[in-house]
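**Student:** If you read the protein sequences in the order shown, they are chains X and G. Residues in the first sequence are numbered consecutively from 1, following the numbering used here. Residues in the second sequence are numbered consecutively from 1, following the numbering used here.
Worth double-checking, as some hints may not be accurate.
Partner residues are not named here, just some residues of chain G that face chain X (Cβ under 8 Å, in silico) [stated by the list, open to error]:
id	residue
1	Met226
2	Ser242
3	Phe245
4	Phe322
5	Leu326
6	Pro328
7	Val332
8	Ala335
9	Phe338
10	Val354
11	Arg420
12	Val504
13	Arg519
14	Glu522
15	Asp523
Here are the simulated SDA-like cross-link-like pairs (lysine to any residue), alpha carbons at most 20 Å apart as the crow flies [said to hold, decoys possible]:
id	chain 1	residue 1	chain 2	residue 2
16	X	Lys137	G	Ser145
17	X	Lys330	G	Ser145
18	X	Lys327	G	Arg49
19	X	Lys137	G	Met331
20	X	Lys80	G	Thr510
21	X	Lys259	G	Tyr424
22	X	Lys158	G	Arg229
23	X	Lys320	G	Asp53
To be clear, the hints were calculated from the coordinates, so they are not data collected in a lab. Each residue gets a CB set at the ideal place from its N, CA and C atoms; glycine is no exception.
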Amino acid sequence: MKKFLLLLMASLLSSSAFAQDASLAEQAKAEGRATFYANITAIEPIMEAFSAATGVKGEYTRISTAKFVATVLTEFEAGKLMADVVQAPLPVLEMLRERGVLADYSSPAAAGYEEWTRKQGGIQLFGIEYVGLIYNKELVQAADVPKRYEDLADPKWKDKIVMANPASHATTISWLIGLKENVFASEDEWRDFLKGLAANNPMFVASFGPTPAPVESGEKLIAISMPKYIITKAPAPLDWARVEQPLLGTPRAIAITSKAPHPNAARLFVDYWLSSEAMTMLARDVGEYVLHPGIFPPIEDMDTARVLPIRELTDEEIQKWGEEFQKIFKVS
Amino acid sequence: MFKTRSVLTYSLILVVGFLTICPVAMLFFGSFSKGLGAFGVFTLDKYVRAYTDPALARIIVNTAIFVFGSASVATFLALFLAYLNNRTDIPGKFMFKVISIIPMMIPHVLFSVSWVLLLNPTNGLLNLIFKQIPLLQDFSLNIYSLWGMILVEGLLDLPIAYLIIAPAMASFDVALEESSRVSGASTWRTLFRVTLPVLRPAILAAFILGIVRSLASFAVPSVIGMPGRVQVLATHIYQMISTGFAPDYGKAAAVGMSVLATSVTLIFLYRYLTSESEKFVTISSRGYRPTVVELKKARYPLFAVVALLSVILIVLPVLVLFYTSLVPYSMVPSARAFSMISWKHWADVLSDPVSLLSLKNSVFLGVVGASLGVSLSLLVAYVIVKVRTKAAGILDSLSFLSFSFPGIVIGVGFMWFFVRTPLYATIWALLIGYIATYLPYGIRPLASAFVQVHSHLEESSQVCGAGTFTTLRRIVIPLLVPGLVSGWILMATMFVRELTLSVVLSRPGTEVLAVQILRFAEDGLWGRLSALGIIMIFISTTLVILATLVGARFKPVEGGG
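Start from the sequences, fold in the hints, and give me the full structure.
**Tutor:** What follows is the structure, encoded as structure tokens:
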């Protein structure tokens, strides 16, 4: 019985694993709410858990990456930025930092994260928007599943691939450049791969969102997409190709704003967001690859996969390569 | 009387100008400014870079084929359906309203996705069926092509065309046709020499509105054009703002300016072509009662054509939507798929507080927005048609300004504008933005109805001592009920599914249906998206039925809505 009580206490304690600074929590509560601008799937349960744990209302405004900088800067310059906390791909937050939108805050909750996740000026990385090869496990034989990225250039995949438009989709462009810099031995090999992929006539869609549906339905067999769909689209027959090379993705970053209407609530929110509690929910329910040590999405073999961040690319680089890919892939 | 009219004209120019010029002006400044905002150091660089793109020529050719094609499809179908419905004894008239209005209620992304499920070359349902039919085994249709885009966009623009043409058809002066027949002309000759020419303002209005709308449309070019690698201006602009993390909306606006110029030119052309409006007056003070053409032997074959049309155009996509909302993920229909059917997506949507809030907000915006919008449109249409001074022409063009700007960009214009006002991030910003952008949806059907009300009626009223407003209220408005109903329906259903402005302007507390649907789309959650889409169709249907019933109370004659 005693043992049971101890266990119960331990589990109660660990369920609120996120440590609160009492005075910060008080001040945050007085401020009432924290407004979060981000573009990330299905995090409403985390917002609710935050409200339940702290008594501060968490408000989520979803702003697509294409409108993120425009919206935040427009509001900021008019003195009407409503966001206390912002989340976006790292290059976006870097841009906002340069314009004075962000405040320097290093959260105690990030203490356990690896050193490279702490960026200049209060930007903290917490995840990687990882890209992988997602295939229909009912229609693709185990032996046919790509073992290396180069396998996608095999003519057997002709007319069977779907991917986001490599001329315009920033994350896909970054991913292709990431392959050049992290995976392929030489630029020539990489260009051969691109030519082979282009020759397989992949179907282009606007972003990652529409990539899994054609694979689920069998219209296409394999997608350059995100492994997280295996979780969010369950029970769809999706699986990821365990390529021997690393998986790549753009780092996801979070920071608080310099003129946050609710500065204490903002800090409390970031502390909560980086806690093992919130990161576990993000990995478990949304399939995100998080940088909190020891937490992995419940996708088979993902805990042993190598997932690398792509270096930051400037918009000029992305546009230059977008035009290059437009030629290679003959997007008219 | 002149004084009242010019006061009315100028105050409307002020109101409409304020509504539509502000966001466009912001974009105009942005397109000439360095940096990413609306104001900065003057530069022509954005225009130079935007218009020296070597791919532009081909994109413009594609765009021209796409917009003319889809506007023709929409106008032709609308004319066909409106004629059969209003002027003939074809059975099953209720179907016409359904056919012509449903595409208005379906979110365009969903409608496009349904067609992909039906006609994609790999496993599109209709293509799979063709494979089973002897002689058709090798026949397959590829939706990912320019003709696929034209078909789907044409269907999506059909309601606009129908709701403009039908009221004109309903208030047609039958004496004209009778004279033609008495003089010995056949039914066909009468149709082509009398009926269609008299309807020219409505037909042109529908066609031009179709062009303007498909120029600004994004769903079809993105869902169908992009996989088919057919690039049009809308996807070109999208590419501009999505490549990179700090998109330059000023440069996108620079391209948008030529779309705007095209639209404004078309509107002037339209005014020129219909300038002798006396020709088109059909309700004068004489007896007014459209008669019915007997179809005789053609009755059932034509009915079959309409029935087939409605199955292919409406029933199939809506069924696909319903099916998608029941299966756990995207599956081709099969015994296994049917065994996995459940209401899970529906339960998810109905238990999601944000979805429920967005439902409430969208209904509010639909009902209140359309009512305010139609009231404003009524006055504007009156001035455009009946006053016809230079100032009235300006008012006409003003009403099209934000409407003809490509959707992805105009939202940012509104944001740049509203952030300078206390309305920012409130539901009123959405309401005003909606009315400002979709004013032509209210004005066009009303204007084409006004064109046909002869000024003798008003003059008689004024001779009897009634003022301008009394004449409007007692004489003109009752004759305009079909146009009012059409305008209200177009606006209400548009507002219920509005996306382009909402996605930029909605904030916590002011979420709306389409934004919620877009979130599901971005996450690839087609099941929930379809469930919410059907709820949206249901709301719009309810609004359409209510509007039609209210319209019918005022006027026993079969209307256009």
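**Student:** Now look at each hint and say whether the structure bears it out.
**Tutor:** Verification of the hints:
1. Met226: For G:Met226, the interface hint holds, since the closest Cβ of chain X sits about 5 Å away, which is under 8 Å.
2. Ser242: holds (5 Å)
3. Phe245: holds (5 Å)
4. Phe322: Given a least distance of 16 Å, the restraint on G:Phe322 is violated.
5. Leu326: violated (14 Å)
6. Pro328: holds (5 Å)
7. Val332: holds (6 Å)
8. Ala335: violated (15 Å)
9. Phe338: violated (15 Å)
10. Val354: holds (7 Å)
11. Arg420: holds (6 Å)
12. Val504: holds (6 Å)
13. Arg519: OK, holds: G:Arg519 within 8 Å of chain X, min 6 Å.
14. Glu522: Since chain X brings a Cβ to about 4 Å from G:Glu522, closer than 8 Å, the hint holds.
15. Asp523: This hint holds: G:Asp523 lies near chain X, its Cβ roughly 5 Å from the closest one there, short of 8 Å.
16. X:Lys137 to G:Ser145: violated (29 Å)
17. X:Lys330 to G:Ser145: At roughly 16 Å apart (the allowed maximum being 20 Å), G:Ser145 and X:Lys330 satisfy the hint.
18. X:Lys327 to G:Arg49: holds (18 Å)
19. X:Lys137 to G:Met331: holds (14 Å)
20. X:Lys80 to G:Thr510: holds (17 Å)
21. X:Lys259 to G:Tyr424: holds (18 Å)
22. X:Lys158 to G:Arg229: Within the cut-off at roughly 16 Å; holds.
23. X:Lys320 to G:Asp53: holds (13 Å)
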